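Quick note, the sequences are listed as chains A and B, same order. Each residue of the first sequence is one higher than the one before, counting from 0 in numbering that gives the first Met the number 0. Each residue of the second sequence is one higher than the one before, counting from 0 in numbering that gives the first Met the number 0.
Take these hints with a grain of salt, some might be off.
To be verified - Only pairs whose alpha carbons sit at most 27 Å apart, straight line, appear in this in silico BS3-like list of lysine-lysine:
{"#": "1", "chain 1": "B", "residue 1": "K31", "chain 2": "B", "residue 2": "K77"}
{"#": "2", "chain 1": "B", "residue 1": "K72", "chain 2": "B", "residue 2": "K31"}
{"#": "3", "chain 1": "A", "residue 1": "K91", "chain 2": "B", "residue 2": "K77"}
{"#": "4", "chain 1": "B", "residue 1": "K77", "chain 2": "A", "residue 2": "K94"}
{"#": "5", "chain 1": "B", "residue 1": "K72", "chain 2": "A", "residue 2": "K91"}
{"#": "6", "chain 1": "A", "residue 1": "K94", "chain 2": "B", "residue 2": "K72"}
Simulated from the structure, these hints should not be mistaken for lab results. Computed from a predicted model, the values in this text were never measured in an experiment.
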Amino acid sequence: MKRFVVFAAMLGAALSPQFAVAQTPAPVPAAQPAATMAPAAAPAGNPLKGSQKVAMCQGCHGIVGWRTAFPEVYRVPKLGGQNAAYVVAALKEYKTGNRGHPTMRAIAASLSDADMADIAAYYSQAPLTTASK
Amino acid sequence: MTMTKRMLFTLAALAVFVAGNAAAADLEAGKKKVQEVCAACHGIDGAAPIMPEYPKLSGQYPDYLQKALRDYKSGARKNPIMAGFAQGLTDKDIENVAAYFSTQPSVLATMH
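Next comes chain A alone, as it looks inside the complex:
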């Protein structure tokens, strides 16, 4: 039992971002039964479903070099090939208000966790199109 607690604590430490900053994350050993005790992982996204949910993203993120006009002018980020977990994290930040672009906040507020995972899975695929520099 004690051994399990120690293992769980180590797993928790290994999963925390602060720990990982200082240390290259070790590959998680396969087939550890305790791994199922880890905090619920983000739902795995479905890129195909995601492709049906990005209509409202593409008006800006689907156009090479597209600039926001409000509240500041800058090119909206390229999303093709981005880490899926980062895209989910960004959408959640907009939804909770930790990130403040008005349009992105309104859109993120309308998305469920499953929607976010699907959209992120779609964008994280190797980009199929225009590699703009």
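Position chain B relative to chain A; hints supplied.
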């Protein structure tokens, strides 16, 4: 007289060109700053972050990267890790770092 005028014009054009270049981002300084501050987590070229929650930065638009860093610095974008790093960057650092990442080979692209 026309000769003098032409020379003056050339000089003026040269001055504008030099001033423009001086104001442009310094990629070498950006690379140095990236190695000191960003590379440990995002990778030296920004293409290989150590955590899936961290973004790839190589090839991203420099104006977007500047906006993100300014927002982390001001606290408009709330992230305790990035706030600490961004607060150590001057406006010039932000410009240089963004320019450096944006010019690295990237897997990022606009997806239609």
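Hint check results:
no. : hint           : result
1   : B:K31 to B:K77 : 26 Å, holds
2   : B:K72 to B:K31 : 20 Å, holds
3   : A:K91 to B:K77 : 12 Å, holds
4   : B:K77 to A:K94 : 13 Å, holds
5   : B:K72 to A:K91 : 20 Å, holds
6   : A:K94 to B:K72 : 21 Å, holds
In summary, the structure agrees with every hint in the numbered list given earlier.
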